[in-house]
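So the sequence lines, in the order shown, correspond to chains W and A. Throughout the first sequence, residue numbering follows this note's numbering, covering 6 to 184 in sequence. Throughout the second sequence, residue numbering follows this note's numbering, covering 5 to 429 in sequence.
Derived by calculation from the structure, the hints in this document are not laboratory data. Quick caveat, the model's predicted, so the values are computed rather than measured. A few of these clues could be false.
Claimed, not checked - FRET-style restraints, in silico, Cβ to Cβ:
#1 W:Pro116 to A:Gly382: 36 to 46 Å
#2 A:Asp310 to W:Glu57: 25 to 35 Å
#3 A:Pro350 to W:Ala64: 44 to 54 Å
#4 W:Ala64 to A:Thr232: 46 to 56 Å
#5 A:Ser124 to W:Pro116: 40 to 50 Å
#6 A:Gly308 to W:Ala64: 40 to 50 Å
To be verified - Straight line, CA to CA, 25 Å or less: simulated SDA-like cross-link-like pairs of lysine to any residue:
#7 W:Lys120 to A:Ala165
#8 A:Lys313 to W:Asn137
#9 W:Lys154 to A:Ala165
#10 A:Lys313 to W:Thr164
#11 A:Lys313 to W:Ala64
#12 A:Lys313 to W:Ser58
Every residue, glycine too, gets a C-beta built ideally from N, C-alpha and C.
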Amino acid sequence: MARIDEWFASLTRGVARRTSRRGFLAGLGAALLGGGALPLLPIARASAQAKESAPGEPARDTPVGDPEGCDYWRYCAIDGFLASCCGGTHTACPPGTQMSPITWLGTCRNPEDGKEYVISYNDCCGKDVCGNCFCRRHEGEKPLYFTHKNNDIDWCMGTSSIIYNSTVAVVVGVSTKKG
Amino acid sequence: MPPSAVSRRLQSPGLAWIATFLAWLAAAPVSAELPVEATGRVLTLPAPTSHWAFAADPLLRRSALVDLDSGKMLGMVSGGFGPVMPLLAPSRRELLVSETHYSRGSRGQRTDVLTIYDASTLGPVGEVVLPPKRAVSAVPSNHSALSDDERLAAVFNLTPATSISVVDAVERRLAGEIPTPGCSLLYPVSGRRFAMLCLDGAMLVLGFDERGAEISRVRSEPFFDPQTDPIIEKGARLGDRWLFPSFEGRLVEVDLSGGAPVFPEPWSLFEEADRADDWRVGGTQPVAIHPESGRLFLLVHQGGVDTHKEPGTEIWVYDLAERERVQRIEVASGGLTFMGFPIEPPQSWIWPFGGLARSLIGAIGSGLGADEIHVTRGDEALLVSGSSFTGGLALYDAVSGRFLRQVYTGNMTNFGILVPFGDAP
Numbered sequence: 006m007a008r009i010d011e012w013f014a015s016l017t018r019g020v021a022r023r024t025s026r027r028g029f030l031a032g033l034g035a036a037l038l039g040g041g042a043l044p045l046l047p048i049a050r051a052s053a054q055a056k057e058s059a060p061g062e063p064a065r066d067t068p069v070g071d072p073e074g075c076d077y078w079r080y081c082a083i084d085g086f087l088a089s090c091c092g093g094t095h096t097a098c099p100p101g102t103q104m105s106p107i108t109w110l111g112t113c114r115n116p117e118d119g120k121e122y123v124i125s126y127n128d129c130c131g132k133d134v135c136g137n138c139f140c141r142r143h144e145g146e147k148p149l150y151f152t153h154k155n156n157d158i159d160w161c162m163g164t165s166s167i168i169y170n171s172t173v174a175v176v177v178g179v180s181t182k183k184g
Numbered sequence: 005m006p007p008s009a010v011s012r013r014l015q016s017p018g019l020a021w022i023a024t025f026l027a028w029l030a031a032a033p034v035s036a037e038l039p040v041e042a043t044g045r046v047l048t049l050p051a052p053t054s055h056w057a058f059a060a061d062p063l064l065r066r067s068a069l070v071d072l073d074s075g076k077m078l079g080m081v082s083g084g085f086g087p088v089m090p091l092l093a094p095s096r097r098e099l100l101v102s103e104t105h106y107s108r109g110s111r112g113q114r115t116d117v118l119t120i121y122d123a124s125t126l127g128p129v130g131e132v133v134l135p136p137k138r139a140v141s142a143v144p145s146n147h148s149a150l151s152d153d154e155r156l157a158a159v160f161n162l163t164p165a166t167s168i169s170v171v172d173a174v175e176r177r178l179a180g181e182i183p184t185p186g187c188s189l190l191y192p193v194s195g196r197r198f199a200m201l202c203l204d205g206a207m208l209v210l211g212f213d214e215r216g217a218e219i220s221r222v223r224s225e226p227f228f229d230p231q232t233d234p235i236i237e238k239g240a241r242l243g244d245r246w247l248f249p250s251f252e253g254r255l256v257e258v259d260l261s262g263g264a265p266v267f268p269e270p271w272s273l274f275e276e277a278d279r280a281d282d283w284r285v286g287g288t289q290p291v292a293i294h295p296e297s298g299r300l301f302l303l304v305h306q307g308g309v310d311t312h313k314e315p316g317t318e319i320w321v322y323d324l325a326e327r328e329r330v331q332r333i334e335v336a337s338g339g340l341t342f343m344g345f346p347i348e349p350p351q352s353w354i355w356p357f358g359g360l361a362r363s364l365i366g367a368i369g370s371g372l373g374a375d376e377i378h379v380t381r382g383d384e385a386l387l388v389s390g391s392s393f394t395g396g397l398a399l400y401d402a403v404s405g406r407f408l409r410q411v412y413t414g415n416m417t418n419f420g421i422l423v424p425f426g427d428a429p
């Protein structure tokens with residue numbers, strides 16, 4: 006019994022080592038639950054209904070084109086809950102919240118045109134934490150002393166409440182360089 | 005009959021037996037029921053040990069106090085919005101917590117306050133209202149600090165202009181707010197001083213008198229390049245030294261034992277072979293120090309650039325004096341929890357289901373990796389690792405690296421762990 010347990014544990018640990026945490030959770034969820042309970046997991050937000058892609062955006066039915074999934078191209082430096090899963094969209098906050106005018110910036114590559122875009126990760130504020138679609142990606146993210154490039158900070162500043170709900174990803178320009 | 009006569013008579017074995025039997029008969033009906041108990045009892049904490057830990061849960065807005073030896077929760081501190089991370093003032097048996105509250109829950113009038121709790125009763129005994137500017141982050145480390153003499157508390161503000169609020173914790177009054185342009189976070193060192201990290205890679209060191217008036221300000225030259233190889237701001241303290249791993253795996257040290265900070269030559273935490281295998285530092289608190297043994301613990305994983313917050317799969321141990329790695333520890337599962345409850349198969353499950361279920365749960369827990377590590381002080385030190393996806397913690401023998409057990413904090417998520425006597429010099 007112990008040998009079987011040990012073999013199983015080492016096998017699964019080995020798989021875990023070779024994959025990212027989100028990938029690990031996704032694979033595990035699929036294996037265990039056949040995908041049925043995947044909406045519970047942060048990576049499991051493939052859009053249920055086919056939608057038209059916006060001009061210049063990747064196809065909605067691909068991970069890099071799905072604003073309700075962590076792999077959406079604009080979310081390359083996001084750390085928080087996706088507004089698009091919380092009653093808003095990737096550019097608009099959920100009802101009743103306030104969008105923070107002060108924010109942190111990422112630089113993400115749009116696979117559709119190959120250009121680097123400056124992304125403003127504005128927080129949606131004034132209601133408690135959303136809880137859906139928790140994503141953590143850190144491309145170009147910097148420690149907290151580099152404040153405007155840090156995604157640990159509650160960026161609900163300049164709003165009537167600092168209570169954090171979720172985050173949007175707004176294109177604010179084309180970047181001339183990465184970082 | 006005088007008492008002495010009764011006593012004499014009972015000295016007879018037969019009479020003593022009868023008396024005992026009658027007493028038993030009389031007492032029997034009473035002992036069948038529980039005695040009536042007093043209501044209103046509230047416990048106070050026993051004397052603290054070096055194996056106590058606070059674990060913050062921003063969802064539950066509290067920090068749970070857990071005894072790592074018994075695995076039991078001892079109490080908690082509720083602190084409003086964000087991760088709750090107490091400062092410890094053992095000489096006054098106080099906890100100081102910087103808190104943010106709204107008059108209507110998530111809206112209304114904002115009040116930032118430094119609340120002073122009795123460390124025995126965990127009840128509030130005082131407060132100092134702060135400027136409503138304190139920074140709130142997912143990771144609460146170094147957002148507030150207490151001077152070594154436990155007199156001054158400092159709270160980091162971000163609006164996004166940076167400043168600190170300084171509190172005289174003995175007189176329980178706000179001493180003032182001090183602008184610290186471009187410099188963030190708080191790293192206490194001796195002599196009532198706080199160091200801060202600046203945007204350009206420099207360090208700002210502020211000194212105060214005992215009433216909280218600024219008396220010295222030293223700003224160093226940049227000692228690292230925040231563009232090419234930033235230091236990870238979640239460092240570890242060793243006396244008057246602060247040690248920070250960098251994104252690229254150098255250990256950058258700041259020595260604050262003198263008037264101005266000194267920066268010894270950084271050294272590499274990774275061999276070439278480690279780098280070839282893509283080993284990197286990562287996590288939300290990737291470094292801890294056990295001062296008594298001079299050992300540094302580093303949370304590492306295999307990944308590419310921009311994985312500086314990926315959870316660790318191993319903990320590497322270094323001898324600080326020799327500057328060499330002496331041990332590798334595989335991250336163990338802290339257990340899985342749901343709504344704070346441990347997920348464990350019932351003991352009654354027969355072979356092989358119980359074992360397989362435990363293996364699967366253990367593998368999931370290990371697969372989550374560790375977001376933060378800490379180590380307790382003194383002999384018989386414990387290494388603690390935790391993931392923000394579970395309320396459980398994994399404990400290891402800090403010397404041998406052997407996994408010992410899991411401890412559950414009652415939290416839905418652990419976001420910031422404080423080992424009370426482990427993070428101090």
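Status of each hint after checking the structure:
1. W:Pro116 to A:Gly382: 36 to 46 Å: Violated - the Cβ-Cβ distance for Pro116 (chain W) and Gly382 (chain A), about 53 Å, lies outside 36 to 46 Å.
2. A:Asp310 to W:Glu57: 25 to 35 Å: holds, 31 Å
3. A:Pro350 to W:Ala64: 44 to 54 Å: The hint (44 to 54 Å, Cβ to Cβ) holds, given that Pro350 (chain A) and Ala64 (chain W) are roughly 47 Å apart.
4. W:Ala64 to A:Thr232: 46 to 56 Å: violated, 36 Å
5. A:Ser124 to W:Pro116: 40 to 50 Å: Check failed, 59 Å falls outside 40 to 50 Å.
6. A:Gly308 to W:Ala64: 40 to 50 Å: violated, 26 Å
7. W:Lys120 to A:Ala165: violated, 32 Å
8. A:Lys313 to W:Asn137: Cα-Cα ~21 Å, so holds.
9. W:Lys154 to A:Ala165: Distance ~14 Å between Lys154 (chain W) and Ala165 (chain A) Cα, so the pair holds.
10. A:Lys313 to W:Thr164: violated, 28 Å
11. A:Lys313 to W:Ala64: Given that 25 Å is the threshold and the Cα spacing comes to 29 Å, the pair is violated.
12. A:Lys313 to W:Ser58: Not OK: Lys313 (chain A) and Ser58 (chain W) at ~32 Å, beyond 25 Å, violated.
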